[in-house]
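Peer 1: Chains as they are written, first to last, in this note's numbering: chain A, 1 to 308; chain B, 1 to 64.
Simulated from the structure, these hints should not be mistaken for lab results.
Errors might be hidden in some of the hints.
What the hints assert, rightly or not - Here are the simulated lysine-lysine pairs, DSS-like style, with alpha carbons at most 30 Å apart:
no. : chain 1 : residue 1 : chain 2 : residue 2
1   : B       : K3        : B       : K52
2   : A       : K232      : B       : K52
3   : A       : K219      : B       : K3
4   : B       : K8        : A       : K22
5   : A       : K232      : A       : K303
6   : B       : K14       : A       : K116
7   : B       : K8        : A       : K219
8   : B       : K3        : B       : K48
9   : B       : K38       : A       : K19
10  : A       : K32       : B       : K21
11  : A       : K130      : A       : K115
12  : B       : K48       : A       : K19
13  : B       : K38       : A       : K232
14  : A       : K249      : A       : K232
15  : B       : K14       : A       : K95
16  : A       : K22       : B       : K21
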Amino acid sequence: MPCKNCQEKPVFIQISNVKLCKSHFIRYFEKKVLYTIKKFNLIQKNDKIVTALSGGKDSTTILYILNELSKKTRRFTISALLIDEGIRNYRDKTKEDAISFCSQYAIPLEIITYKKELGFTLDEMLKISKQKPCSICGVFRRYLLNKGARKLKANKLATGHNLDDEAQSILMNQFRRNNETSARLGPITGILDNKNFIRRIKPLYLLTEKETAIYAFLKNFPIQFTECPNAKQGYRNDVRNILNQMEAKYPGTKHSIVNTFLENLSNLKEHYSHQSSLSSCKKCGEPTSKEVCQACTLLEEIKSILKK
Amino acid sequence: MPKVFIEKTNETRKVEAATMKEILQKLNINAEEVLTIKNNELVTLETKVTEKDSIKLLSVISGG
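Let the sequences and hints guide you as you build the complete structure.
Peer 2: Take a look at the structure:
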């Protein structure tokens, strides 16, 4: 059976069993990104958007689409920010891909390294700390992305988070009874406004990980389809496996989780906006709900282990 | 038997299968987690495969 819109060979079959060829899949994907941007009001005129770029399929895809949209509409500007954690045989390769992509499309790229900003690479931290890699990496990446986006004078940070990432986060927070963290999720992150906190937007929010991989493959982006060597060790990996098994058996599961969550998100944000407060970390000045931010606390822990 | 390159584990396996779907079933790989490539083109699970085809399974999971 050919594509539903033409006689070409299909490359993708939707949950509803609709078949799409290469060009109609690309059209479907880009339309869905535009729909997401409009539906959730992710971009306004004169926005200065920095895209968190890892060099992988998701961030490369969203950077490409936002850059095309920026050129076409001239309503906002786009640049890229890469956090180099120092993961040997992984980030060094994806960093090269990111540099080559930004050079090909003339997109300004800023690179921030753990080593320079924190004093250690992630690989060095993992030799010292007993914490899981994703727990350390998550804290420092968020910290440096916010700091870097502010340095670049951006008012929004676009990330490549897709529907799978969001469904996993929702379930992880449910499993850990962590509603307040869920309140920070959604297509635009955060509960409270703070001048030092750059809001994150997720234009791939309604597209799955597989759809994004298909788009990146069909567009022939200079990327590698490799997995972070630390990814298997995280809690997220277990949740991802459960979700993928459920999706294979009951197609539409991930969409249902995210759509149900969206129905409740405004109530969650409203509820926690009364209970949360954002101030500045007394050590580094970054936004935090505590006296000292998570990144400074974690870095102190790592330094204290080294002193022993 | 078509030869299948599994990119995630960097190994090549011979699999007795007539379609992409059968390949994934025999290798116990979830279709959610891979792109199915036949002769450098992305194809759907129902696509037929033969011994002459070059088949690759690309991992869709990147992890950041």
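Peer 1: Work down the list of hints and note, for each, if the structure agrees.
Peer 2: Going through the hints against the structure:
no.	hint	in the structure
1	K3/B to K52/B	holds, 9 Å
2	K232/A to K52/B	violated, 34 Å
3	K219/A to K3/B	holds, 26 Å
4	K8/B to K22/A	holds, 24 Å
5	K232/A to K303/A	holds, 26 Å
6	K14/B to K116/A	violated, 47 Å
7	K8/B to K219/A	holds, 21 Å
8	K3/B to K48/B	holds, 14 Å
9	K38/B to K19/A	holds, 18 Å
10	K32/A to K21/B	holds, 27 Å
11	K130/A to K115/A	holds, 19 Å
12	K48/B to K19/A	holds, 16 Å
13	K38/B to K232/A	holds, 27 Å
14	K249/A to K232/A	holds, 22 Å
15	K14/B to K95/A	violated, 34 Å
16	K22/A to K21/B	holds, 20 Å
In summary, the structure is inconsistent with hints 2, 6, 15 from the numbered list given earlier, while agreeing with the others.
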